[in-house]
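Once you know that position 36 of the sequence shown is 36 in my numbering, the rest is easy, because the numbers rise by one and skip nothing.
Hints are computed from structural coordinates only; laboratory data are not their basis.
Hints are supplied without guarantee of correctness; some may be wrong.
Just the calculated beta-carbon pair ranges, DEER-fashion [unchecked claim]:
#1 82 <-> 42: 29 to 37 Å
#2 81 <-> 55: 19 to 27 Å
#3 43 <-> 81: 16 to 24 Å
#4 89 <-> 53: 15 to 23 Å
#5 81 <-> 42: 32 to 40 Å
#6 83 <-> 45: 20 to 28 Å
#7 82 <-> 59: 17 to 25 Å
Ideal placement from N, C-alpha and C gives every residue a C-beta, glycine not left out.
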Amino acid sequence: MYIERTDNMKELFHEPPVLCGRDLILRPLVRPDAKELQDHRGIEIITASTMVENHASAHVLENNGFTLVNRAVDEDWGFPQPTPADKWIR
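With these hints in hand, go ahead and build the complete structure from the sequences.
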């Protein structure tokens, strides 16, 4: 699978996404990055989605100031059926 790295992605992710089996691995957005985006680039809200079963990713978001706003919302993640996902904002 080829993942195009656009200019927007270069600003948000210091390393390109990597496909590992069926998982797409992104470098986590950590607190200084999120703060810099909100304080210096005019971004007011950052959103994230995690699979309901992925407690580790949810924990990372919580530790970095994200708030859970919707639980188990169906999203299209490219699987045959909708994927229940938790929605987060910061």
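Outcome of the hint check:
1. For the pair residue 82 and residue 42, the beta carbons lie near 33 Å from each other, so the given range of 29 to 37 Å is met.
2. Between residue 81 and residue 55, the C-beta spacing of about 21 Å keeps the proposed range 19 to 27 Å intact.
3. Under the hint 16 to 24 Å, the C-beta atoms of residue 43 and residue 81, about 32 Å apart, miss the expected range.
4. Roughly 21 Å separates the CB atoms of residue 89 and residue 53, a value that falls within the hinted 15 to 23 Å.
5. A hinted range of 32 to 40 Å holds for the C-beta pair residue 81 and residue 42, which are about 37 Å apart.
6. A hinted range of 20 to 28 Å holds for the C-beta pair residue 83 and residue 45, which are about 22 Å apart.
7. At roughly 24 Å, the beta-carbon separation of residue 82 and residue 59 lies within the given 17 to 25 Å, and the hint holds.
Violation of the numbered hints given earlier is confined to hint 3; every other hint is satisfied by the structure.
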